[in-house]
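4 protein chains.
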Amino acid sequence: MGNSYGKIFKLTTFGESHGASIGGIIDGCPSGIKIDLEYVQNQLDRRRPGQSKVTSERNELDRVEILSGIFNGISTGTPIGFIIKNKDQKSNDYSNLEKSFRPSHADFTYSKKYINRDFRGGGRSSARETACRVVGGSIAQQVLNIIGVEIFAYVSSVGSIHLNKSYNNLDLASIDDNIIRCPDADISKLMIELIERMKNSGDTIGGVISCVVKGVPIGIGEPVFDKLHAEIAKGMLSINAVKGFKIGFENVDISSSVGSQVNDIILNSSGKTKTNFSGGIQGGISNGNDIYCETSFKPVATLMINQQSINSKGEKIMLKAKGRHDSCVVPRAVPIVESMMALTILDLYLISKSNKI
Amino acid sequence: MGNSYGKIFKLTTFGESHGASIGGIIDGCPSGIKIDLEYVQNQLDRRRPGQSKVTSERNELDRVEILSGIFNGISTGTPIGFIIKNKDQKSNDYSNLEKSFRPSHADFTYSKKYINRDFRGGGRSSARETACRVVGGSIAQQVLNIIGVEIFAYVSSVGSIHLNKSYNNLDLASIDDNIIRCPDADISKLMIELIERMKNSGDTIGGVISCVVKGVPIGIGEPVFDKLHAEIAKGMLSINAVKGFKIGFENVDISSSVGSQVNDIILNSSGKTKTNFSGGIQGGISNGNDIYCETSFKPVATLMINQQSINSKGEKIMLKAKGRHDSCVVPRAVPIVESMMALTILDLYLISKSNKI
Amino acid sequence: MGNSYGKIFKLTTFGESHGASIGGIIDGCPSGIKIDLEYVQNQLDRRRPGQSKVTSERNELDRVEILSGIFNGISTGTPIGFIIKNKDQKSNDYSNLEKSFRPSHADFTYSKKYINRDFRGGGRSSARETACRVVGGSIAQQVLNIIGVEIFAYVSSVGSIHLNKSYNNLDLASIDDNIIRCPDADISKLMIELIERMKNSGDTIGGVISCVVKGVPIGIGEPVFDKLHAEIAKGMLSINAVKGFKIGFENVDISSSVGSQVNDIILNSSGKTKTNFSGGIQGGISNGNDIYCETSFKPVATLMINQQSINSKGEKIMLKAKGRHDSCVVPRAVPIVESMMALTILDLYLISKSNKI
Amino acid sequence: MGNSYGKIFKLTTFGESHGASIGGIIDGCPSGIKIDLEYVQNQLDRRRPGQSKVTSERNELDRVEILSGIFNGISTGTPIGFIIKNKDQKSNDYSNLEKSFRPSHADFTYSKKYINRDFRGGGRSSARETACRVVGGSIAQQVLNIIGVEIFAYVSSVGSIHLNKSYNNLDLASIDDNIIRCPDADISKLMIELIERMKNSGDTIGGVISCVVKGVPIGIGEPVFDKLHAEIAKGMLSINAVKGFKIGFENVDISSSVGSQVNDIILNSSGKTKTNFSGGIQGGISNGNDIYCETSFKPVATLMINQQSINSKGEKIMLKAKGRHDSCVVPRAVPIVESMMALTILDLYLISKSNKI
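Chains as they are written, first to last, in the numbering used here: chain A, 1 to 357; chain B, 1 to 357; chain C, 1 to 357; chain D, 1 to 357.
Any given hint could turn out to be false.
You can't tell identical chains apart in this list, so a pair holds if it fits in one copy or across any two.
What the hints assert, rightly or not - Below 30 Å or equal to it, Euclidean Cα-Cα: the simulated BS3-like pairs (lysine-lysine) are:
#1 99 with 353
#2 272 with 87
#3 316 with 274
#4 214 with 356
#5 272 with 99
#6 313 with 34
#7 85 with 34
#8 320 with 99
#9 112 with 272
#10 112 with 353
#11 214 with 272
#12 353 with 199
#13 189 with 272
#14 353 with 34
#15 274 with 353
#16 353 with 85
#17 53 with 87
Please keep in mind that the hints were generated in silico from the structure rather than gathered at the bench.
Sequences are here, hints too, so could you generate the full structure?
See below:
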C-alpha cells in the first residue's frame, strides 16, 4: 500500500535499489499530449548520481524506457508504463546491511513492518525510487505547460548559508548555471564550499529547496481536507529526507507574524495581491498569484564516519558506510521537488474540471 | 470533492458556518468500541469559541448529536452519523461579506471556484467545520486508547514567545491548567499577555502547536507516498490557518543540522533511540519512539482594524470586521491538532493490519 | 468501510432502520445547479413503503431535510448534508430479532462480522438505507438533465410474468400509470394479481427491473477496470435483494447468441448502430446509443409463514415475521435503480472531463 | 483512469496489444508470502492463445518477468512490478484497423474518447491485457491459499449447451481434463464440437463460466455499497466480452423464484445452510458457505465473415477479420475469472481485518 500518488493523474511506482529495475505506471494522463522524452531524460539527468562533485559518485545513467501509453509521440490516454533498469549496482558495498540497522535509516522499520526485507542498498527505502517520480513529474509538467503553468525549484539554503532574496529578485532561468542549483553566483559558491567541507569530513548537511509555480489557474484545490497546500505538503514530505514544509511566508517566520503585516491586500478583480504571504493559496484554493513553498531536507543519514548501532540480534555494532553517497541531497532533489509539485497540481487541476458542469 | 479524510477510518464532513447544522459521517470505525460521548463533548468544549478571554466571544455550545453507528454505547462497525446544530449565528454581522472579499480569506477563491457561494460567516471556509474533525478525532482517540496510543498537543509558541523546552521536561498533564494550553506557567502568562495586547490593538498573531504521541506501535505508515509523516503533514496543513509543519527536530533547525549530530543511535532491539530527531518515524514508518511534530499557524486574517480590499465588482473598498473573532487561534486549535493526529494514526494503523497475513 | 459510492460525485450514507435518523453527504456536486427538492421528494415518495396495496404498509413519510450545500436553491459545490428522520418505527415488531437469525437475511453475517449489532428492524442491513441513495440519485439526475441525460426504469418481470417487448415499443412516459410501474396495462394487471396472490399466501416473489438511459454522451467509462457497465453492475448489485445483472441483450440470452446475429453494425459517424445488443457500451465506454440493462431481484426474504432457523445460541427455532413487509420489492425499487444509474453515470461523466485537456 | 483494481491489494496494469510489453504493479501484497512463479506461469499458460484447437492460434508464450517486490522467493510487502513482453505480434494483420471501426468492438469508442489511439490489434482494448490480471490474480490466490481459500472456475455453458449439474455433483479436480475446461466428459465433447462448428463457419458463440470459492471466512464484504457480490460483479463485468452476472441461484431463475423455495435455512451456529441459493453471501457479507456465481460472455465480436461497418471518415465499408481469433472465449477465460475472484476476495479480506481491533 501507499505506492500510488494522485486520484485522477495517478503515478504508481515499484522497484528496489538493487533489483532488476525500477519503474512505474502513470494512469490518467490526458490523451493527445505531445510527450518530449528528451525533457524527461533531462530531468532524470538532473537527479541522477554522479553528475557533479557535489553528488554521489554512483554512476547510474537512468535511461527510461516507455512501454505503453504513448503512440507516435503522443499520449493515448491509456496507462503509460515505464522502467529504468538498474545498472551500476555494487551490492557488495551493502552486504553488511543484511543484518545491521543504520541510524536514522529505514532498515529497522522496514525490518519490523515487513517479514522479508530486500536489504541491498536500502531496497525500497532507497531514494533511488524518486527517479520514477521524476518520470511521472516531467510528463505532468508537459501537460501543465499546455495550460501555461511553469514550475521552478532551486536550492535556497545549505546548512546555515541562506539565500535571503525573494524569488522575484532572482533570475530563475539561471538555476542550472551552477552545480548546486542556486540562482545566485555568490551564494552558490559558499554552498559548494560547505558541501565539499562536509564531504571531506565524512559528515553531511541539510538544506532547503524553494519552489515557485507561475500561471496556476484560480480555483485549484479541494477543501476542506484536500486543500492545495495540504496536498503539496504531503507530496513534499513523501520525498526521502524531507522533514519540514512551509507554504508562503517567504523568508518570514510564520508564528511571529502579525495579521496587519502579512494579510495580502487584493488589488483588483484578477485576484492579484499586493504581497503574497499566502503563497498563492487561500482557503486551500489557488488564487492566481504565484505559488511559493519551501521544503526542508535533513542531512543525509549515511555518514563516512563511524557510528554506533545494533544488528538484527540487538547486539551493539560500529558502522561506517561503504559505497558512494551524497553529502547534501538538495542539488539532486531539485527535479524531485519540481516533480512532486507537478504531479500534485496537475491532479488537482484535472479534479477541478468537475467543479462546474 | 475533498471532504473526506482517511482510507479505512474515513471521516466525511459537511456544513456551513451559518447553515442549519454542520455534521459528518465516520465510516470504518471498528465495532465493539465503547464510546464515551462526554469525552467527545469535552474535546468540543476545548475547541468552542467563547471559552475564555483569549478566544472569540461567539458562544456556540456545540452539542453533538449521534444519529447512528453506536448502539447501547458501543460502536456497531456501521457508519457513525452526527450533527451539530448551528445556534448563535449573527448573520447580520456578515451581511457585508456578500459582495466583498476579505484579505487573506477564502472569499475570493471560493467565489471564483464555485458558481454560487454561501457567504454568511465564510460559509464552508469558516473554521467552524473543524468542530466535525474534533468529533471524528475524539472517537478515533478512543479507539487508539485501546491499543495504548496517547496524544498530547500544546501551544509552544505565540508570536515570538517560544517555549524552549523539550516535551520530555514538561508536565503534559498540566496542558489545560491555563487558558492558553501551554504546559509552563510562566511562558503561558507571557503568551496570554501578548494575545490580550493584540486583541486590544485589533490585530492578530500567529503561533505553534507541538504534538507528542506516545505508544504508537512500530510499523505504521505506508511508503513510498503515504509515509506516516507525509500523511500527518497533510492532515495538519488541512486545518484552517496552518502554513507550516515540521516532523521531529524539536527546537532544532532542520537545514542547518549536520548528520553526525542529528542521526539517532539505535540502542536496543526495541528500537529505542538515544536521541529522537527523527520524531518517531524513519522511512515513513513509526519506529516505536514518541512521535513529535510542530504545526505553525499564521495570524488570524480577520482584523478589527481597517483594511483595503475589493468588492465583487472589483471596486476598492475599506473593510473592518464586525462580529467576534480570535486574536490568536492556537489555544482553540489544540484539540483540532490532536484530532487530525488521531484520525491519521488510526487510519494508518488499520491499514497496517494488512501488511502481514 | 464501504458506505461511499463514487469517486468525484460521491455519496456517503449512514443510518439504521430504527435509529434516530438516516442520512448522507453528497460530496462533489458541481456548483451552480438549481436543485428541485420537490423532485427529490417525489422520488422518495415512489420508494417509500405504504404507497399502494402492493407495498409494505409501514408508513414512513420520508421527508428529506437538506442541511448544507444548497444556498438560495442552487448548489454551492460544497458537501450537501441531509437527514431523513425515522418516524413510524415499531421496534416491538422486531424485538424477537435480538437473538435470532432470519433465513436469507443479514442477521447472521452482521452478527459475526461486527461485535455489536443494532438488530432493530435489521439495523443497517435494512433496505431503509436505500432512501439515502434516492436522495443522492435524484440530485445526480438533476445534474444529468442539464447535459441531456434521461433515465427510465420500469418493472419488466414479476415472477414468470415477463414483459416481452423492447423498450422502443413502450411508452416510457406511462411507467407510473400503474402501481407496479410496468408500462404495459395488460401485463401490469397480471403482475399485480400475482403479487396479491403471494401476499395472501404469506410468500414472496422475485422480479426484474429494466433501465434505459437516453442522451449519454459518447466516451463515458474508464477501462480497463472501471468500465461503465462494470460500475453500473456494482451499483445495481449493491441494492438489497439484487442477485443478477445484464447489460444489453434485451430479451435475449447472452451465452447462446452467435456473433453474426448480435454484432451491432455501425451506421454512421455519430456511432448510431443498427441493433443495440451492446446496450450502449463498447469496450466499457458509452457509444452514444441508449444504455440498456436488466437487474434481477430475488424474492423478499421476510415471509409471513413459519420458517426454521437458529438463535444466537445456535438452537433451532421457528420464525414467523411480524411487522409490515413487501411481497415483491420491484415496484418500490424502480427509483432506487434509477438512482444508482444516475450516481454511476454522473460520476463517470465528471471523471471523463479529464480525458482531454 | 480506471486501470487499478482493489483498495488494499491493488493491481494496476498497463500495455497495448502490440506495444513493447504489457505489465503491472501489485501494491499491498502482504509480506512473507512464498510466491510460486511456476503457478503464475501455469495460470498464464491456461489463458494464452494457441494452447489448443478451440483457441486462437496467436502463439504468445507470455513469460512473466518479476522486477521487484519478491526477494529470495518471498514477498517483501513492497510493490511487485512485472512485465510480459509482446512477441508474436503480426501488426500487419491489423493495419486495416487504423481507419476502420469494427462492429461491437471498442475501436469507435476509444477513437472518440481519446484524441490519439493505438489501433494495432485493438491496442489497450484488446483482451491481451487480461494476462496482467492473471499475474495479479495468481499471486492473490497464493495468499488466499494460506487462509484456506480455494477457487474453482469452469465452463458451464457454450451456446445452448448447458451443464445442468450442481457443482456439488462435479469433480472440480477434473476441470482441466479437457480443453474446454468443463468438468463433465460428455458435455465437454458437445461444447468442443459446437465451437469447431462455429470456427468452420467463421462465426462465434457465447458461453458461461461458473465459479466456486471454498473456505472463505465469514465476514468478508463491506456493505452497503462495497458488498462482496457487488465487488465480484464489477470484477467480472470488467473482463472483456462479459455482459451478465449472477450470484447464487445455481441453475435457477432469480426473478421467478418464490421466497419459501429459495430462502436458505441456517442449520447451526457455523452458519451452514440447508440450501445455498444465496451463493455464500448474505447482506453483502460472506456467510461461510461456498461462494457461487455465474458470468456470461457474449460471442467474440471478431468474425471471419464479412460485416458492414464504417471507417473514420464515416464511409460505409465491408470488413473481414484477418489474423487469429477465438470462436468462443470461455475456455481461455477460466483463469481470468479465477483471477478476478481472487483479487476481489483477497482485497476485501484484508479490509475486513479492520472491522475489529
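When no copy is specified for residue 353 and residue 85, does a C-alpha distance of 30 Å or less occur within a copy, between copies, both, or neither?
-> For residue 353 and residue 85, the Cα distance exceeds 30 Å both inside one copy (36 Å) and across copies (32 Å).
Alpha-carbon proximity between residue 320 and residue 99, which holds within one copy, between copies, both or neither at 30 Å | within (14 Å within a copy, 63 Å between copies)
Using 30 Å as the alpha carbon limit, work out where residue 53 and residue 87 are close: within a copy, between copies, both or neither.
-> Classified as within: same-chain Cα gap 21 Å, cross-chain 43 Å, threshold 30 Å.
Check residue 316 against residue 274 for me: Cα-Cα at most 30 Å, and say if that holds within a copy, between copies, both or neither.
-> between (58 Å within a copy, 13 Å between copies)
Up to 30 Å between alpha-carbons, please classify residue 274 paired with residue 353: within, between, both or neither.
-> Answer is within; shortest intra-copy Cα gap is 28 Å, inter-copy 35 Å.
Can you give me the call for residue 99 and residue 353, within, between, both or neither, at a CA distance of at most 30 Å?
-> between (50 Å within a copy, 25 Å between copies)
Using 30 Å as the alpha carbon limit, work out where residue 112 and residue 272 are close: within a copy, between copies, both or neither.
-> Result: close only across copies, 13 Å inter versus 51 Å intra.
Since the copies are identical, ignore which copy is meant and state whether residue 112 and residue 353 lie within 30 Å (CA to CA) inside a copy, between copies, both or neither.
-> Classified as between: cross-chain Cα gap 13 Å, same-chain 42 Å, threshold 30 Å.
Between residue 272 and residue 87, at a C-alpha cutoff of 30 Å, which is it: within one copy, between copies, both, or neither?
-> neither (49 Å within a copy, 36 Å between copies)
Taking 30 Å as the upper bound on the Cα-Cα distance, should residue 313 and residue 34 be classified as within, between, both, or neither?
-> For residue 313 and residue 34, only the inter-copy Cα distance (24 Å) is at most 30 Å; the intra-copy one is 54 Å.
How would you classify residue 272 and residue 99 at a CA-CA limit of 30 Å: within, between, both, or neither?
-> between (57 Å within a copy, 18 Å between copies)
Alpha-carbon proximity context of residue 189 and residue 272, limit 30 Å = Classified as neither; 35 Å inside a copy, 40 Å across copies.
When each numbered hint is compared with the structure, violations occur for hints 2, 12, 13 and 16.
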